[in-house]
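A.B. asks: Sequence:
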Amino acid sequence: MDGKPVSTASTIRTGDTASLEFVSTLQEYRRRKAAISLCSQALGELFENGIRAVTLSGSEEAVELYRKLGFHDCFHNIIMQYDIPI
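Counting with the UniProt record's numbering, you get residues 1 to 86 for the letters of the sequence shown.
Take these hints with a grain of salt, some might be off.
[Said to hold, decoys possible] Simulated pairs of lysine-lysine, DSS-like, Cα-Cα distance not exceeding 30 angstroms:
1) Lys4 - Lys68
2) Lys4 - Lys33
3) Lys68 - Lys33
Derived by calculation from the structure, the hints in this document are not laboratory data.
This one's a predicted model, so the numbers in the text were calculated from it and none came from an experiment.
Take these sequences, add in the hints, and give me the full structure.
C.D. replies: Have a look at this one:
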C-alpha cells in the first residue's frame, strides 16, 4: 500500500495441488484488504498454471479472511504441547 510492502503470501506447488502459506499483514494495515488482494492474485496465478485445489493452515483469527477467498473447512487439527519438567 502506498508503495510499501505490507502483506506477504507464498505458494507451494505439489503436482496438481498447492498450498497457500505464510500469509501475514502488518498489524496497522489489517482489515484494509491487503491480504485479500495478494491472496486473490496468488490464487489466480495458481489457477492459470493448472492448479485446481489449494489448501492452507491458518489461525482462528484469519478464518473470516480465508472464507471470503472461498476456502472452506476440510480438516481440523489439534496441536498439543508437552513441557519437559526441569
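A.B. asks: When the hints from earlier in the document are held up against this structure, which numbers fail?
C.D. replies: none
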